[in-house]
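Protein chains in written order, with the UniProt record's numbering: chain A, 1 to 278; chain B, 1 to 278; chain C, 1 to 278; chain D, 1 to 278.
Hints are computed from structural coordinates only; laboratory data are not their basis. Treat each hint with caution, since some may be false.
[Said to hold, decoys possible] Footprint (simulated), chain A over chain B, 3 or more residues, beta carbon under 8 Å: (1) 111 to 119; (2) 227 to 237.
[As the list claims (entries may be wrong)] Okay, derived cross-link-like pairs now, DSBU-like style, lysine-lysine, Cα gap no bigger than 35 Å in a straight line: (3) C:247 with A:221; (4) A:247 with C:247; (5) B:247 with B:8.
Quick caveat, the model's predicted, so the values are computed rather than measured. The C-beta atom is built at its ideal place from N, Cα and C for all residues, glycine as well.
There are 4 protein chains.
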Amino acid sequence: MKYSVSCKLGYDIEEETVCFFNLQPSQFDRQVLLDEHLELEGGREIDRYTMGESGNRFFKVVAPPGKLLVQYRAEVDLDPLIGDPAGIGQVAPLDLPLDVLPHLNPSRFCQSDRLRAFAFRQFGEFPPGHQRVTAVCNWIHDNTDYIPGSSHGTTSAMDTIIDHAGVCRDFAHLGITLCRAMDIPARYVSAYAYRLDPPDFHAVFEAFLGGRWYLFDATRKAALDGLVRIGMGRDAAEVSFSSFFGKATAGEMEVSITSPGGGALGDLTTQAVSLSER
Amino acid sequence: MKYSVSCKLGYDIEEETVCFFNLQPSQFDRQVLLDEHLELEGGREIDRYTMGESGNRFFKVVAPPGKLLVQYRAEVDLDPLIGDPAGIGQVAPLDLPLDVLPHLNPSRFCQSDRLRAFAFRQFGEFPPGHQRVTAVCNWIHDNTDYIPGSSHGTTSAMDTIIDHAGVCRDFAHLGITLCRAMDIPARYVSAYAYRLDPPDFHAVFEAFLGGRWYLFDATRKAALDGLVRIGMGRDAAEVSFSSFFGKATAGEMEVSITSPGGGALGDLTTQAVSLSER
Amino acid sequence: MKYSVSCKLGYDIEEETVCFFNLQPSQFDRQVLLDEHLELEGGREIDRYTMGESGNRFFKVVAPPGKLLVQYRAEVDLDPLIGDPAGIGQVAPLDLPLDVLPHLNPSRFCQSDRLRAFAFRQFGEFPPGHQRVTAVCNWIHDNTDYIPGSSHGTTSAMDTIIDHAGVCRDFAHLGITLCRAMDIPARYVSAYAYRLDPPDFHAVFEAFLGGRWYLFDATRKAALDGLVRIGMGRDAAEVSFSSFFGKATAGEMEVSITSPGGGALGDLTTQAVSLSER
Amino acid sequence: MKYSVSCKLGYDIEEETVCFFNLQPSQFDRQVLLDEHLELEGGREIDRYTMGESGNRFFKVVAPPGKLLVQYRAEVDLDPLIGDPAGIGQVAPLDLPLDVLPHLNPSRFCQSDRLRAFAFRQFGEFPPGHQRVTAVCNWIHDNTDYIPGSSHGTTSAMDTIIDHAGVCRDFAHLGITLCRAMDIPARYVSAYAYRLDPPDFHAVFEAFLGGRWYLFDATRKAALDGLVRIGMGRDAAEVSFSSFFGKATAGEMEVSITSPGGGALGDLTTQAVSLSER
Chain A
1 MKYSVSCKLG YDIEEETVCF FNLQPSQFDR QVLLDEHLEL EGGREIDRYT
51 MGESGNRFFK VVAPPGKLLV QYRAEVDLDP LIGDPAGIGQ VAPLDLPLDV
101 LPHLNPSRFC QSDRLRAFAF RQFGEFPPGH QRVTAVCNWI HDNTDYIPGS
151 SHGTTSAMDT IIDHAGVCRD FAHLGITLCR AMDIPARYVS AYAYRLDPPD
201 FHAVFEAFLG GRWYLFDATR KAALDGLVRI GMGRDAAEVS FSSFFGKATA
251 GEMEVSITSP GGGALGDLTT QAVSLSER
Chain B
1 MKYSVSCKLG YDIEEETVCF FNLQPSQFDR QVLLDEHLEL EGGREIDRYT
51 MGESGNRFFK VVAPPGKLLV QYRAEVDLDP LIGDPAGIGQ VAPLDLPLDV
101 LPHLNPSRFC QSDRLRAFAF RQFGEFPPGH QRVTAVCNWI HDNTDYIPGS
151 SHGTTSAMDT IIDHAGVCRD FAHLGITLCR AMDIPARYVS AYAYRLDPPD
201 FHAVFEAFLG GRWYLFDATR KAALDGLVRI GMGRDAAEVS FSSFFGKATA
251 GEMEVSITSP GGGALGDLTT QAVSLSER
Chain C
1 MKYSVSCKLG YDIEEETVCF FNLQPSQFDR QVLLDEHLEL EGGREIDRYT
51 MGESGNRFFK VVAPPGKLLV QYRAEVDLDP LIGDPAGIGQ VAPLDLPLDV
101 LPHLNPSRFC QSDRLRAFAF RQFGEFPPGH QRVTAVCNWI HDNTDYIPGS
151 SHGTTSAMDT IIDHAGVCRD FAHLGITLCR AMDIPARYVS AYAYRLDPPD
201 FHAVFEAFLG GRWYLFDATR KAALDGLVRI GMGRDAAEVS FSSFFGKATA
251 GEMEVSITSP GGGALGDLTT QAVSLSER
Chain D
1 MKYSVSCKLG YDIEEETVCF FNLQPSQFDR QVLLDEHLEL EGGREIDRYT
51 MGESGNRFFK VVAPPGKLLV QYRAEVDLDP LIGDPAGIGQ VAPLDLPLDV
101 LPHLNPSRFC QSDRLRAFAF RQFGEFPPGH QRVTAVCNWI HDNTDYIPGS
151 SHGTTSAMDT IIDHAGVCRD FAHLGITLCR AMDIPARYVS AYAYRLDPPD
201 FHAVFEAFLG GRWYLFDATR KAALDGLVRI GMGRDAAEVS FSSFFGKATA
251 GEMEVSITSP GGGALGDLTT QAVSLSER
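Here chain A stands alone, though its shape is the one from the complex (with noise of 0.2 Å):
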């Protein structure tokens, strides 16, 4: 399925200030990038690069004051990966590959290491596998209000438990955290979602299941099957759409997903999905 993705941002800039971005869609089999176009206002790139370990995509720029105006276009070529959730297992732990092991950690924004008692009596019941995280998320959702402004930059899995409340980031960061707690690797991705209303940049996760990455939202506001990842890592703390080392402020911010033929269907509550191996 074929999408076009695009995103326009503005900032106003007050002193010289390097900004590292994070905009574009990774580049892996069932993700093909067909055609991208970047366009800077008030402001040079520097160096484009893409990190080793995730595949995360940036690019480096430095603007000097005034306005700095960010728009970015790509076509992608998607093809998921669609399962059966009832054939797909956890991985024991002496099975697991070697660059899943660090999902398994604690991160800033998800504390699993205090929440395994929880974990196990909330969800022990529920048979390992695709299930149980689906479990986990139908938990989430049913616990936790999306309120837009609700959290804030410094709000972790544990805070979201006590308030009931957050956005996408914090809904996977839950996630992330509650998979951990019980072995199971999990991962932070940050998305172009499909019919995500209104349109912004979302965020979600991954658990790794019989030997996959499987893609989970549980807020439920966007199609599975619709999602353009651009950056993953172990929670927000490491992706993060745009950084800053001056004085920035955000101001204007478009984003848009498209899909010329019709796009995904959404109503994939029944079916698992997932993008990538690794």
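Put chains B, C and D on the given structure of chain A with help from the hints.
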């Protein structure tokens, strides 16, 4: 119903230490003290007093280096009011007595200001009043493991929600917190608890409902109509059996409560129990 | 010294709301109320009362949907005791009056139980008594930025140590916490503050030293001898200008304090100031 | 300088357990492994591997119920670079190598996002570079008590600031956190530490300065030029000597490091020490 309560507490005193003890049952209409006896070895009693607001009874001891042994026993006649939960409603804020209002505030171990969304989401469907507080206790009981040693002196209700484990003190703090979060006044109570196994001091809580304070024990470990109240206050920060200014290490400890006439039946899960109006 | 204090508070009431206000100065020996006047628009006063333990004065209002406007003014004669800090020592725990003891306990926003090592390490070298508490205030002043909007209703002393920023409420909480951590009773005080710029309600704290409560303001924003005390309590959880049960949004707010005779000189950094013995 | 390192670790295994061990020194230019020997009793080695990003070396063991004994020893040649702190500056964000960037992010135990104001207030006056990080270490050393048992597995840098106490792990976390808060990349390092008394595994940290990773030890307990690096990562969540999936209880533990030729002098407080460029 008559009860004999007693305790024996030993301490190693390293340097001259001032000790405050709150071991004596409170005195009020439905809890009448028939007789009591205090014996000290290795320390001298300086003062004995009753706090104005709470009615908690203290004695102050100065202990020189060496062994300190405190032995206390009392005979108490308990006459709890037994009522029908269905008839005990919530008191509207407008009608709350003045001295009850402070028990709506958050306190050290009961951060009710953080848990409003949590509480209303979880318990908002239950009818206001005694039944809603019982729903709180049932939830705590079902979601928290009673594990001696799983918490410590700085553990708060927010920790207990995360840890899903605690002791009687933690169960009481969580109950108080969830009540206050829903505008139900609640306070911490320490007690001699009939049938508690193994025998020990116990902690429960009271909620102000239908014009009186009703007892609740989310641990379900003791008979509600067999609780001889010692201290009450906002939370464990205000209610402790002993406080030391100096250097003391706790040693032997024995607590006992017996009833010559047979004591509380303890099978009162379908009834409401209250000791005090204020 | 005579002061005129006043405030004007406006609210949008969405549904019938019960409001408790604590805007009136307390009455005691050194703070004499000469005259006062309360006016309500859009609500009706139900009750007016003084809390037993604290002496805080409240009025209770029921407001229907619409605008609520509260206007209060009073004339107060203030006669603070001015003393020499060097002569004001710490009271030994053995000698503390009963009603002072609760102000040694940790409370919602003042987790003094966590900060004993911190406090003794930082301030243990200073002579016990007024000078040690002044050292605490100096440290807070030097290590905390006063930034309006940098904290919120759930910010505690532990947060303020981490954030190094806060408002008067946070400065007071941190002072209280560090005092209690060193066995110095301390309590929270709300006040009309002469010379505070811009005019607003203010929060400071009192420490019990040499047999009286002495005033401290780690923000150094107001004259210690020009504080007209409104409420006092364990911390801001017990002392608030207004509490609402219902739905109200704060609107306009004006606070003023003037002194016909000139008022406090405010240059009292080398002297100790006390308003109340209890 | 040549070092002999060894450790002997015993475990009681209750049920079949998968164990990951990271006990072997890393291999890189200035740390050359001359010889090593691993011996297992009560378990069988399944795999031995080196993580791509970190170069950390692991072996995976499956242990049946019973005793598991792990004995490891190695000969290492260490050639640390010794430099003049005054000449080692901070690298501008624009010039940071890609693989260094993730070490600017907050992590599980290092909430640098919360401590920017704290760090710049406390250390902003020191010249950027090695001297500023040394100021961080001096402050940690002067404000934190090294107390075995004072912290536990979930203790983070924010806790350590509050507690003013910890062990080597906590000193390292706090150092890392304060560096990252000031945009200095920093990472956690586990090591065999020459002259550490009593002998044990040690934890220190590295900061990226002047184009290399420099070693820092805020505990001042070991010779910086006598550290044989085992693992490195974001914080202790990524770097642990052993991880278990199953049921294992730690028993005996012996760690040793000797130097046939005399070893590090350890009196290097006025010099900068670096082992690795990346």
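Structure-based check of all given hints:
no.	hint	result
1	111 to 119	holds (count 4)
2	227 to 237	violated (count 0)
3	C:247 with A:221	holds (30 Å)
4	A:247 with C:247	violated (39 Å)
5	B:247 with B:8	holds (19 Å)
Comparing the model with each numbered hint stated earlier shows that hints 2 and 4 do not hold.
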